[in-house]
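Starting from the given sequences, assemble the full structure and let the hints guide the process.
Number of protein chains: 2
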Amino acid sequence: MDSIMNMLHDICINVRSKVSRISREEAGISLARGAGGDITKKIDKVGEDAALEVVRSYGIGCTVLSEEAGLVYGSKGKRDESTSNDDTAHCIIVLDAIDGTTNAVRGIPFYSCSVAYATSDRLSSITHGAVMDLTSGDIYYAVRGDGAYMNGSRIRVANTSNDKAGYVIGINLSGISIDRLKRMSSILAMTNHIRQFGSNALEMCLLARGLLDAYIDVRGKIRVTDIAAAYLIIVEAGGMVVDEHLN
Amino acid sequence: MDSIMNMLHDICINVRSKVSRISREEAGISLARGAGGDITKKIDKVGEDAALEVVRSYGIGCTVLSEEAGLVYGSKGKRDESTSNDDTAHCIIVLDAIDGTTNAVRGIPFYSCSVAYATSDRLSSITHGAVMDLTSGDIYYAVRGDGAYMNGSRIRVANTSNDKAGYVIGINLSGISIDRLKRMSSILAMTNHIRQFGSNALEMCLLARGLLDAYIDVRGKIRVTDIAAAYLIIVEAGGMVVDEHLN
Numbered sequence: 046m047d048s049i050m051n052m053l054h055d056i057c058i059n060v061r062s063k064v065s066r067i068s069r070e071e072a073g074i075s076l077a078r079g080a081g082g083d084i085t086k087k088i089d090k091v092g093e094d095a096a097l098e099v100v101r102s103y104g105i106g107c108t109v110l111s112e113e114a115g116l117v118y119g120s121k122g123k124r125d126e127s128t129s130n131d132d133t134a135h136c137i138i139v140l141d142a143i144d145g146t147t148n149a150v151r152g153i154p155f156y157s158c159s160v161a162y163a164t165s166d167r168l169s170s171i172t173h174g175a176v177m178d179l180t181s182g183d184i185y186y187a188v189r190g191d192g193a194y195m196n197g198s199r200i201r202v203a204n205t206s207n208d209k210a211g212y213v214i215g216i217n218l219s220g221i222s223i224d225r226l227k228r229m230s231s232i233l234a235m236t237n238h239i240r241q242f243g244s245n246a247l248e249m250c251l252l253a254r255g256l257l258d259a260y261i262d263v264r265g266k267i268r269v270t271d272i273a274a275a276y277l278i279i280v281e282a283g284g285m286v287v288d289e290h291l292n
Numbered sequence: 046m047d048s049i050m051n052m053l054h055d056i057c058i059n060v061r062s063k064v065s066r067i068s069r070e071e072a073g074i075s076l077a078r079g080a081g082g083d084i085t086k087k088i089d090k091v092g093e094d095a096a097l098e099v100v101r102s103y104g105i106g107c108t109v110l111s112e113e114a115g116l117v118y119g120s121k122g123k124r125d126e127s128t129s130n131d132d133t134a135h136c137i138i139v140l141d142a143i144d145g146t147t148n149a150v151r152g153i154p155f156y157s158c159s160v161a162y163a164t165s166d167r168l169s170s171i172t173h174g175a176v177m178d179l180t181s182g183d184i185y186y187a188v189r190g191d192g193a194y195m196n197g198s199r200i201r202v203a204n205t206s207n208d209k210a211g212y213v214i215g216i217n218l219s220g221i222s223i224d225r226l227k228r229m230s231s232i233l234a235m236t237n238h239i240r241q242f243g244s245n246a247l248e249m250c251l252l253a254r255g256l257l258d259a260y261i262d263v264r265g266k267i268r269v270t271d272i273a274a275a276y277l278i279i280v281e282a283g284g285m286v287v288d289e290h291l292n
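Here the protein sequences line up with chains A and B, keeping their order.
Heads up: the first sequence runs through residues 46 to 292, numbered per the numbering used here.
Heads up: the second sequence runs through residues 46 to 292, numbered per the numbering used here.
Treat the hints with caution; some may be incorrect.
Identical chains share a label here; the pair holds if one copy fits it or two copies do between them.
Each computed DSS-like pair below joins lysine-lysine, with the alpha-carbon atoms no more than 30 Å apart [as the list claims (entries may be wrong)]:
no.: 1; residue 1: Lys209; residue 2: Lys87
no.: 2; residue 1: Lys87; residue 2: Lys266
no.: 3; residue 1: Lys90; residue 2: Lys209
no.: 4; residue 1: Lys266; residue 2: Lys209
It is worth saying that the hints were derived from the structure and are not from the lab.
Structure representation (structure tokens):
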């Protein structure tokens, strides 16, 4: 494991450790609205602080783009790029400390920490990604060009067959408009096995493992912080990620 | 725990033990079409055999109504009511040994064993129900009039608030017709948190635990073997189960 992946791994471990210490009641306390537009819950803040603590301890001068705080510059968490080292000055850490906050607060054991490392502000510049299942501690990760892994074992997307009725398709329908829902109905009618677990990043990892055959989100609301790490994991697992125009 | 609940508990434990010994490849082998209309997979057969083994060992003369085999009469598994004891001659065991077969075969850790005991062929005559999460071994159960439990701790449905946007609603959309989907769209648009995990019985137990606020299945396909045990667990947890006419 290289030093960047070590850092991503340590971020996930620290987030899991810190959020495991707060009660469900405390986890669900509402704070202000986060940079991503959703209400930040206490568990989001605790998770994000745990992640930033690790970034600072590594002393690298990355820009952190986070679900809750938005852009945080520099290794000290200050908006001050002078703290950057030369070799990491242009790196970006894309963080969703808690993906699946509602599940975490309700006690549904399906939520994750998602963190990626990129060299510019484009998805294609992501070189490292890690997603940890915060219930089980299972970790999914990928380094560009080196394949995708779960707990040290190589993972690959499923070999799709022609038996469409047997497909298991993850779809994010939460808060979807009726218009978009109608556009989805032919897909929904195609398979007997629709799933929605409530953490985009972790559902994309199930796809990378071959447990889902497709994962679809056409709500028009998905954020780069939700998908940055899982995007690389899917690509390195042999899968494909496209936008709604199939680009 | 009374002797009937002991039997249901033992059925779940034996099912979990036997299915844990077969590989995923073996689990997914297709056998004939079961009584419920779906293709029976090897894991369904192994689970059902494990359940019937326990019923026979208890020597009671129940009719078993099972997802795969349909009606099985008598304590020996023969269609012979002369084997019944007088005090149990009119009992029915309603069994879905593996609810969530697709998940089990794909490796998605959300499938269950569902078993109920009834004194007649009506849902209202169910006196005992048990559902085991076959991944974790968590067991949900209820005896009529004595409340609902998970691993020995009392469970209750959630106190619903007026914050509809905060509701977490489980909906079974698999293979739903476009017409029914349209009728669901206002509900789908109401909440930001839709879930579908892939085991009706276990999702109904999440409702009984207060982790979901509602669980909806309007495909018109649900079978009594899918819901018998969870029906009693929800009712005893303070919840309500209604059909599509709200009866």
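message = Tell me the hint numbers this structure goes against, listed in increasing order.
response = Hint check: nothing fails, all pass.
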